[in-house]
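Asker: In order, the protein sequence lines correspond to chains A and B. Residues in the first sequence are numbered consecutively from 7, following this note's numbering. Residues in the second sequence are numbered consecutively from 325, following this note's numbering.
Don't take each hint at face value.
Stated by the list, open to error - With a Cα cut of at most 30 Å, we get these calculated BS3-like pairs of lysine-lysine:
| hint | chain 1 | residue 1 | chain 2 | residue 2 |
| --- | --- | --- | --- | --- |
| 1 | A | Lys-64 | B | Lys-690 |
| 2 | B | Lys-417 | B | Lys-675 |
| 3 | B | Lys-374 | A | Lys-61 |
| 4 | B | Lys-442 | A | Lys-136 |
| 5 | B | Lys-536 | B | Lys-602 |
| 6 | A | Lys-61 | B | Lys-534 |
| 7 | A | Lys-133 | B | Lys-372 |
| 8 | B | Lys-534 | A | Lys-136 |
| 9 | B | Lys-679 | A | Lys-64 |
| 10 | B | Lys-679 | A | Lys-206 |
| 11 | A | Lys-61 | B | Lys-466 |
| 12 | B | Lys-536 | B | Lys-548 |
| 13 | B | Lys-548 | B | Lys-602 |
| 14 | B | Lys-390 | A | Lys-167 |
| 15 | A | Lys-61 | A | Lys-18 |
| 16 | B | Lys-620 | B | Lys-563 |
Think of the hints as simulated: they come from the structure by calculation, not from any bench. For clarity, every value in this text was computed on a predicted model and none was experimentally measured.
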Amino acid sequence: MSKRSMNPKTKKKLIIGISAGVLVLLLILFLLLFKGCSHSIFGGTPTLSIETPQKISKTDTQEIMLDVTISSFGDAIYPAASMSISFDSSRLEFIGIEEGNVFIRNDEGEIPQKLPEWSCNPEQCNKSGKINIMYLDTTGGKNAFSKELLSTDENVVLRLKFRLRGSVRSGDICDLIFDDAVFAASDETESLAMTTDTLKVRNGKIVVGD
Amino acid sequence: MKRIISLVLTLILLLSFTACSGNFAQVDLKEPIALTEDGIIEKSVFDKIKNENAIATFTGESGDFKYEWTVFGSDLVDTRDVNLSLALEKTDKGIKIKFSEAEDFGFPALLSIHLNEKWTANSATAFDEETAVYSVSVTGSKTSILNISVNKIVAECEILPDDTKQEENTSSTESNKDTTPSNNQTNKTDDYLSDVKESDDRIYSDGKNKEKDKYETDPVPEGKPMPVEPEDQEVNKKKSYTCTFSIECSTILNNLKDLDPDKRELVPSNGVILAPTKVTFYEGESVFDVLQRVCKEKGIHLESSWTPIYNSAYIEGIHNLYEFDCGELSGWTYCVDGWYPNYGCSRYQLKDGEKVEWRYTCDLGKDVGCDWMG
């Protein structure tokens, strides 16, 4: 009885095929490990974060800028947003907000975009120690936030500007704490809200060095 | 064929090696890093933080508590494996921390402990037995966050709200009084003080009074000490206590354009006229009494005037820096344990262990955290 052997060409093809498959699998594994991408690949709950800046010198009179970033949006469009952030107004002076790089749809509701105009009253914020910021699309959804307008890099919704007050001391730690945050969709069930855990938040802090 | 197989194997080995070569490459420093069960963060991670001058956050949980370490790349010099895990346990008055790491980290790290409750104290202190080891800031509007800058590691310590420690001090003072009875603390209450609650020998506001008192004082916030009129204060020189006093005018440094040019040279470069100093006072003395004595002892100029309508001394100038010297809204304010009393310093009767800060304001108190003046 003669031993049946595989055609060398078929064998070669089989090995190449298996090798290619293994390589593809490894590449996927590699990407997952390196990017920590469970979040960006599989979605996950959007997170709104206040990015902690480097330590500030207590004699620094420059403005301190803190980015407020969003990791992702859901599938809805969000024509309104608001956030409320507590801070220590005895040690920090809130100067105002600056635009970020997260766009809204343009007046035709199309992708060529423009930046949102957030509203905020710094004087009132400093009195209350609470930064209340709001965005409202008055066009009925044309100027809304949506996930198509997010970039792959850091998505800065807006920037908070502060200055240290004379009362700060070395080693002071000033927390910036989200009391509330909402990206409201026209269908309420699709809204992202801190209170319903559909929006996660990460607080930031300003640390005063020497 | 053999070449293809060896190429594939080499690639597999290379990828496996890179992927498994520790946390260094895997860690995304922009995201919070959850501590593993053993809590150890490898040297390679700290190297990455240092090399990228990044700010990394490590999160952990212990019982009902969540905690977070913040490490600044700029603080890292020599790096090594560090165990960042903690055991947190609620005690009667505070929170006990047990560090897993036995040695100092070699860099300062910021520890934030998230509580499920709100502490009323603005500050706290961590004690190792009776020794204060860390000062703790308390923030948060709904629930409290305790922030500690950890430089040196102790095996374990207990964080107590500063009010608690003061209460303990007061209690111990009270027990002393038991052995040496004293009736010098008069703390008389007028009619307008009828809605106050009493705790130890001091009278605290219950926050129910809505009207000004006869000396034009707005209602005292709940939980804060009521004023004691100077004519009712009896000083007992047989009983002495200590408090911390400081005088500073750093707000002027941010408002030099408004400063009277003749006063420029009076402003210390760091704004500190008297660094926090422990001073002795006698039972029954007011903040004003102690300010006068401290200034006299330290050779610091002080000028005040009596204001009958407020039944208190008014501080016009310290260190030759007077009200209005740095703008129309400038002048001297005082705060005790972080609170700016809404009455004159002659009416604030001191207690053992209190921290009195005299601060120059250039903006009617707003720039020093006093919110009731404006």
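Asker: Given the hint that B/Lys-548 pairs with B/Lys-602, does the C-alpha gap stay at or below 30 Å?
Answerer: Distance ~23 Å between B/Lys-548 and B/Lys-602 Cα, so the pair holds.
Asker: Within a Cα-Cα threshold of 30 Å, do A/Lys-64 and B/Lys-690 meet the stated pairing?
Answerer: holds, 18 Å
Asker: When you check the alpha-carbon spacing of A/Lys-61 and B/Lys-534, does it fall within 30 Å?
Answerer: Violated, because 43 Å separates the two Cα atoms, which is more than 30 Å.
Asker: Are B/Lys-536 and B/Lys-548 close enough, with their CA atoms no more than 30 Å apart?
Answerer: holds, 15 Å
Asker: Between the alpha carbons of B/Lys-534 and A/Lys-136, is the straight-line distance 30 Å or under?
Answerer: Holds: B/Lys-534 and A/Lys-136 sit about 25 Å apart, inside 30 Å.
Asker: Check the hint pairing A/Lys-61 with B/Lys-466 against an upper bound of 30 Å on the C-alpha distance.
Answerer: Since the Cα atoms of A/Lys-61 and B/Lys-466 sit roughly 26 Å apart, the hinted pair holds (cutoff 30 Å).
Asker: Taking 30 Å as the top limit, are the C-alpha atoms of B/Lys-536 and B/Lys-602 close enough?
Answerer: Given that 30 Å is the threshold and the Cα spacing comes to 34 Å, the pair is violated.
Asker: Just to be careful, I want the Cα atoms of B/Lys-620 and B/Lys-563 compared with a cutoff of 30 Å; is the pair within it?
Answerer: holds, 21 Å
Asker: Below or equal to 30 Å on CA atoms is what counts here, so check B/Lys-390 against A/Lys-167.
Answerer: holds, 29 Å
Asker: Between B/Lys-679 and A/Lys-64, does the CA-CA distance stay at or below 30 Å?
Answerer: holds, 22 Å
Asker: Given the proposed pairing of B/Lys-679 with A/Lys-206, does the C-alpha separation stay at or below 30 Å?
Answerer: Answer violated: B/Lys-679 to A/Lys-206 is near 39 Å, above 30 Å.
Asker: Does the structure keep B/Lys-442 and A/Lys-136 at a Cα separation of 30 Å or less?
Answerer: holds, 17 Å
The structure is inconsistent with the numbered hints 5, 6, 7, 10 and 15, although it conforms to all the rest.
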